[in-house]
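Novice: Take a look at the letters that make up each chain.
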Amino acid sequence: MDLCKLTLFEAHNLLKKKEISSVELSKSFFERIETIEDKIGAYITVTKESALKEAEKADERIKKGDISYLTGIPLSIKDLMCTKGVKTTCASKMLENFIPPYDAFVIKKLKEAGAVILGKTNMDEFAMGSSNENSNVKKVHNPWDVTRVPGGSSGGSAASVSADMCISSLGSDTGGSIRQPASFCGVTGLKPTYGRVSRFGLIAFASSLDQIGPITKDVQDSAMLLETISGFDENDSTSSKEKVPTFFENIKNIKDLKGVKIGVPDEYLVSGTIDDEVYEKIKEAVDVLKKEGAEIINVSLPHTEYSIAAYYIIAPSEASSNLARYDGVKYGFRDKNQTDLESMYKKTKSIGFGDEVIRRIILGTYALSAGYYDAFYKKASQIRTLIIDDFKKAFAKCDILIAPTTPTCAFKIGDKLNDPLAMYFSDIFTISANLAGIPAMSLPCGFSKENLPIGMQFMGNYFDEEAILKAGIVYQNSTTFHKERPKVS
Amino acid sequence: MKITKDEILYVANLAKIELKKEEEEKISSQIENILEYIKKIDALDTSDVEPTYNTPIGSNFFREDIIKEHLGSETSLFNAPEKDDGYFIVPKIIK
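Going line by line, the protein sequences match chains A and B.
Residue 391 in this note's numbering sits at position 256 of the first sequence, with consecutive numbering throughout.
Residue 1333 in this note's numbering sits at position 1 of the second sequence, with consecutive numbering throughout.
The following block holds chain B by itself, in its conformation from the complex:
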C-alpha cells in the first residue's frame, strides 16, 4: 500500500504532532510497511458481520448524577505546567 510523505504529514498535523525533518522519511516508510501488512484484512469478506467496538461484556453502565466530594481546584491544578490563581495558563489564542 503506497502512502506518501505528504499524507503522513497531513495526518501528523491532524494529531498535532510535528515530525522531526530527519525522521519524516523513516516514519513514513515504517507506517507504509505496517499498513501494507494490515491490508491483509481486505482478503476477508465481512460484509455481513456486525462490528464489535467493545468486548461483549464491556457495555457501559451509568451511575446516578450525584454531587460528591471532589479534589478541589488547588489539587486539580497541582500538575499544571503553568497556572495562576486557580486557572490554567495557555499561550495567547486570539491574534
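Looking at chain A on its own, in the form it has when it is part of the complex:
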C-alpha cells in the first residue's frame, strides 16, 4: 500500500484500527518529499525532527484510544501561519529568518488534535500573486505539468496535496489563493466564511478579506479539517461566535441533492470570457448535479464585472497599511548599512520586499492618499456593498451557486510574469466571495485535452459551508476526477 496516496479519511480509519502508525505514515511522506521536492518546489521548510516526535506522541495517544480526525495525520502548512520555534517566512526576504514565538490559532488547534506538521509550504511572497512565481525562495511547479504554474498564492500547499507530499494542507485565501491553486492542481480547496476560522497568527495581507482554509484530496477530508480548525477565538476581533457544525457527520451520509436549489450566475458563464473546455466541463457538472436531484436556476450577479477593480483597490490599500510594520526595527530584515532612521526604513523595505509587494504597497498608498481616498477606496467599498447585495438577492432564490474557479487551466511559467494586470485576471471568479465574505470551494470537474485539471466552484451563503460540502460530496460520489493523481516520481 502506498501510504502517501491515502485520503485523510482513509488514513484516519487505518490509524484508528491500528493497521498503520503515524510514524510509519509520516516517514513515507518524508521519503516522498525527498524524492520529488527538487521537481515540485512545494516546501520552504521541512520539519522532519519535530514531525517524527509529533507522530510518536500521536501513536501513544491512539494506543490509549484517544483519537480525533487529525490525530497522527501528516499535514503541510502555508508558510504564513505562525509556528512556534519554526521559521515562518511568507516566502519573503523580509522574514527569511523570522521565528515566531507563538503558534497561530489554527496551529494550536492542530497540535491539540495531535496532527503532524511535515513542513511549511512555498507561496507567493506575502500571499500576493496567482502563480507562485513571486516566491523569493524558489518556484513551485505544477505536478500535472512541471512547465506550468501551480497557481497562487497557496501554490506550495496545493502542489503538496496534489503530488502526495502530505495528506492535506492549510492555505489562506484573500482573493482566491486557496481555490485558484486547488483548481490548477486538481485538488479540493475551501475558503470558509469570513470569521469562521481565526486569523490569529496568520501573517496579514488584507485583513477584511484573508481567511484560512483546508486544501485536501476530497470534500470529505475538507469537512474533517474545517471542523478541526473552526471556532471562536478571543484573539481575533473578527472571529465569529457562530456554532461550528459537526461538518463531517452532517455530510457523510448525504446521498442526493433532492430539494437543493443551485444557482448558475449568468455573468460567470459567458462563452468567450472563459476557455471553451472550462465552459464545457462546468456545463457537464451542472448536468451531474441535476441528475442527483438538484434544481438548477439562473441567477444574476450584475456587479461581477467590477469585482477585480474594487478588489485591486481594497486589497492593496489594506496591505499598504498592514505591511507598514516591516520597518527593520521589531523583527524581520534590516539593512544594517544605514546610519539614519529614514534611510534605514527605505532601504530595508526596498531590499526586503519583492516587486509585486512593492507594487501593491504603492498602489494601496496611492488609493488611500489625500485627494484620492474618495475616488478609490471609498468608491471601491461602495461597490463592495453592491456585490454583497447581489449575493444576498441570489441566495434568496437558491442554496448554493456554481461557477468556474478560473477562466483557464494552469498557464505556463513565465507567461504572465511581466504583465501584472493579466495575472490579476486569473482571480476574476474567486474575488467576489472574498469581498462578500461568503464561503466558497473549488473542486475538480474534469481535465483539458492537455490533461490539465479543471476546477469548479460552489459558493454558499454566510456560515453555510455545510451546503457546499453536501453538494461537493454528492458530486464526488458520482464522479472520479478528484481521484486522479499526477504522475510525478
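These aren't lab readings, by the way, just hints derived from the structure by calculation.
Hints may contain errors.
[As the list claims (entries may be wrong)] Cross-link-like lysine-lysine pairs, in silico, DSSO-like; alpha carbons within 27 Å at most:
{"hint": "1", "chain 1": "B", "residue 1": "Lys1353", "chain 2": "A", "residue 2": "Lys228"}
{"hint": "2", "chain 1": "A", "residue 1": "Lys465", "chain 2": "B", "residue 2": "Lys1415"}
{"hint": "3", "chain 1": "A", "residue 1": "Lys393", "chain 2": "A", "residue 2": "Lys378"}
{"hint": "4", "chain 1": "A", "residue 1": "Lys481", "chain 2": "B", "residue 2": "Lys1427"}
[Claimed, not checked] With the Cβ distance kept under 7 Å, some of the chain B side facing chain A (calculated, not the full set):
{"hint": "5", "residue": "Ala1344"}
{"hint": "6", "residue": "Glu1350"}
{"hint": "7", "residue": "Val1381"}
Note that the structure is predicted; figures quoted are calculated from it, not measured.
For each residue, glycine too, the CB sits at the ideal point set by N, CA and C.
Let chain A serve as the given structure and place chain B on it in line with the hints.
Specialist: Chain B in isolation, oriented as in the chain A frame:
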C-alpha cells in the same frame, strides 16, 4: 489615466519605499496600467450606496481588558535585528 513618475515617487516616499532608479519607469507604467483598468469603477453611480469596510458579519467585538500572561521581553525581542538589554536599537534619530 495619466500618472507621472514624480507622483509615483511621491507616493513611494509616503510608504517609505525607495525604488531602484532603473525600475522607476517600469513600475510607473505598470501602476498606470492598473489604475487605467481600475478607473472603470467611475462608470458606476454609487452616490446612494453605503460603503462596506468589512464584511457584514465581520464586526469587531471587544474583550475585557484583563492582564494575562505575556511573552516577556526576551522572547518578544528575540527576532529584533538589533537589540540591547531589553531595548530595540535603531539608528540615530536626533541630529
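Novice: Indicate, hint by hint, whether the structure satisfies it.
Specialist: Hint by hint, here is what the structure shows:
Among the hinted pairs, Lys1353 (chain B) with Lys228 (chain A) is consistent with the structure: their alpha-carbon atoms are about 21 Å apart, no more than 27 Å. Straight-line distance between C-alpha atoms of Lys465 (chain A) and Lys1415 (chain B) comes to about 9 Å, which keeps the hinted pair within the 27 Å bound. Straight-line distance between C-alpha atoms of Lys393 (chain A) and Lys378 (chain A) comes to about 26 Å, which keeps the hinted pair within the 27 Å bound. Our distance criterion of 27 Å between C-alpha atoms is met by Lys481 (chain A) and Lys1427 (chain B), whose separation comes to about 18 Å.
The closest approach between the C-beta of Ala1344 (chain B) and any C-beta of chain A is roughly 6 Å, which is under the 7 Å cut-off, so the hint is satisfied. The beta carbon of Glu1350 (chain B) is positioned within 7 Å of a beta carbon in chain A (closest approach about 4 Å), and the interface hint is therefore held. With its C-beta approaching chain A no nearer than about 4 Å, Val1381 (chain B) sits inside the 7 Å limit, and its interface hint holds.
The earlier numbered hints are all upheld by this structure, with none contradicted.
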